[in-house]
Amino acid sequence: MNDLYSLLRTQQYSGRGIILGSTPSGKAAVAYFIMGRSASSRARRFERNGDDLAIKYLASKDPEHPELILYSPIRMYKNMLIVTNGDQTDTVYEGLRLGGSFESALSTRCFEPDPPHFTARISGLVTFGGRPSYELSVLKAGDPEGKTCVRSFFKYEEQKGTGHFIHTYMGGTNVLKTFAGEPWEVDISDDIGEFTDAVWNGINEDHKVALYTRFVDPASMEYTDILINKYE
Numbered sequence: 099m100n101d102l103y104s105l106l107r108t109q110q111y112s113g114r115g116i117i118l119g120s121t122p123s124g125k126a127a128v129a130y131f132i133m134g135r136s137a138s139s140r141a142r143r144f145e146r147n148g149d150d151l152a153i154k155y156l157a158s159k160d161p162e163h164p165e166l167i168l169y170s171p172i173r174m175y176k177n178m179l180i181v182t183n184g185d186q187t188d189t190v191y192e193g194l195r196l197g198g199s200f201e202s203a204l205s206t207r208c209f210e211p212d213p214p215h216f217t218a219r220i221s222g223l224v225t226f227g228g229r230p231s232y233e234l235s236v237l238k239a240g241d242p243e244g245k246t247c248v249r250s251f252f253k254y255e256e257q258k259g260t261g262h263f264i265h266t267y268m269g270g271t272n273v274l275k276t277f278a279g280e281p282w283e284v285d286i287s288d289d290i291g292e293f294t295d296a297v298w299n300g301i302n303e304d305h306k307v308a309l310y311t312r313f314v315d316p317a318s319m320e321y322t323d324i325l326i327n328k329y330e
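So for the sequence shown, my numbering puts the first residue at 99; every next one is plus one.
None of these hints come from the bench; they were simulated from the model.
Don't take every hint at face value.
Stated by the list, open to error - With beta-carbon atoms standing in for the labels, derived distance ranges: (1) Ser158 to Lys258: 42 to 48 Å; (2) Asn327 to Lys159: 32 to 38 Å; (3) Glu165 to Val273: 31 to 37 Å; (4) Ala137 to Val273: 25 to 31 Å; (5) Lys258 to Tyr155: 34 to 40 Å; (6) Ser158 to Ala278: 37 to 43 Å; (7) Lys258 to Ala137: 38 to 44 Å.
Said to hold, decoys possible - 30 Å max Cα-Cα, derived DSS-like pairs, lysine-lysine: (8) Lys159 to Lys328; (9) Lys328 to Lys275; (10) Lys328 to Lys154; (11) Lys275 to Lys253; (12) Lys176 to Lys253; (13) Lys275 to Lys245; (14) Lys154 to Lys176; (15) Lys154 to Lys275.
Even glycine gets a Cβ: it sits at the ideal position worked out from N, Cα and C.
Between the sequences and the hints, there should be enough to build the whole structure, so can you do that?
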């Protein structure tokens, strides 16, 4: 198992990241962060929208590809929390609303159309009621030309004090390398402030943009959250 802060410090550019898991006392832990290298990617902030999370654009000039950087990272549907790095949040929401599953909804999507990187779509779902469980997914290009899509799904039962972390990039310069392998297993503490600090302080200072964390009581669905924006 990995110390979250130390793991993040080893990643120069993680891109966007999702952490799901359980605190030692049994609360569900959720984190989502975004980073940016371009001016348009950095000109963003998180905003709460009821129980959901939205991304707002700060610059006066419209971004070049708004569909890739402006979306709802978190949406709630009944007793389920959806978190993704793109507009597939809405795909999963509609799929669940129509009686489908996390996996069936994401089977209709693929990686982002941003060659040469072909950024992976990463997604997560936390289901409350009974013993909490969560799922993670990575949709990535199966070849350098983006002609094929590889869809990976991971499902976990609650393990107190443990979470799993996925992110879009594994380094690179001109062409960013896509996340590879299984989600990282990480430690999660009972203190949301400590958890938040580990993520925010671990992310590369030059590229971090925003972070949102939430601890949820699985019985009552009540939660505490923290939102950090580097740029206002």
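A quick look at each hint next to the structure:
no., hint, result
1, Ser158 to Lys258: 42 to 48 Å, "47 Å, holds"
2, Asn327 to Lys159: 32 to 38 Å, "20 Å, violated"
3, Glu165 to Val273: 31 to 37 Å, "21 Å, violated"
4, Ala137 to Val273: 25 to 31 Å, "20 Å, violated"
5, Lys258 to Tyr155: 34 to 40 Å, "39 Å, holds"
6, Ser158 to Ala278: 37 to 43 Å, "38 Å, holds"
7, Lys258 to Ala137: 38 to 44 Å, "42 Å, holds"
8, Lys159 to Lys328, "20 Å, holds"
9, Lys328 to Lys275, "25 Å, holds"
10, Lys328 to Lys154, "13 Å, holds"
11, Lys275 to Lys253, "24 Å, holds"
12, Lys176 to Lys253, "19 Å, holds"
13, Lys275 to Lys245, "16 Å, holds"
14, Lys154 to Lys176, "25 Å, holds"
15, Lys154 to Lys275, "27 Å, holds"
In summary, the structure is inconsistent with hints 2, 3, 4 from the numbered list given earlier, while agreeing with the others.
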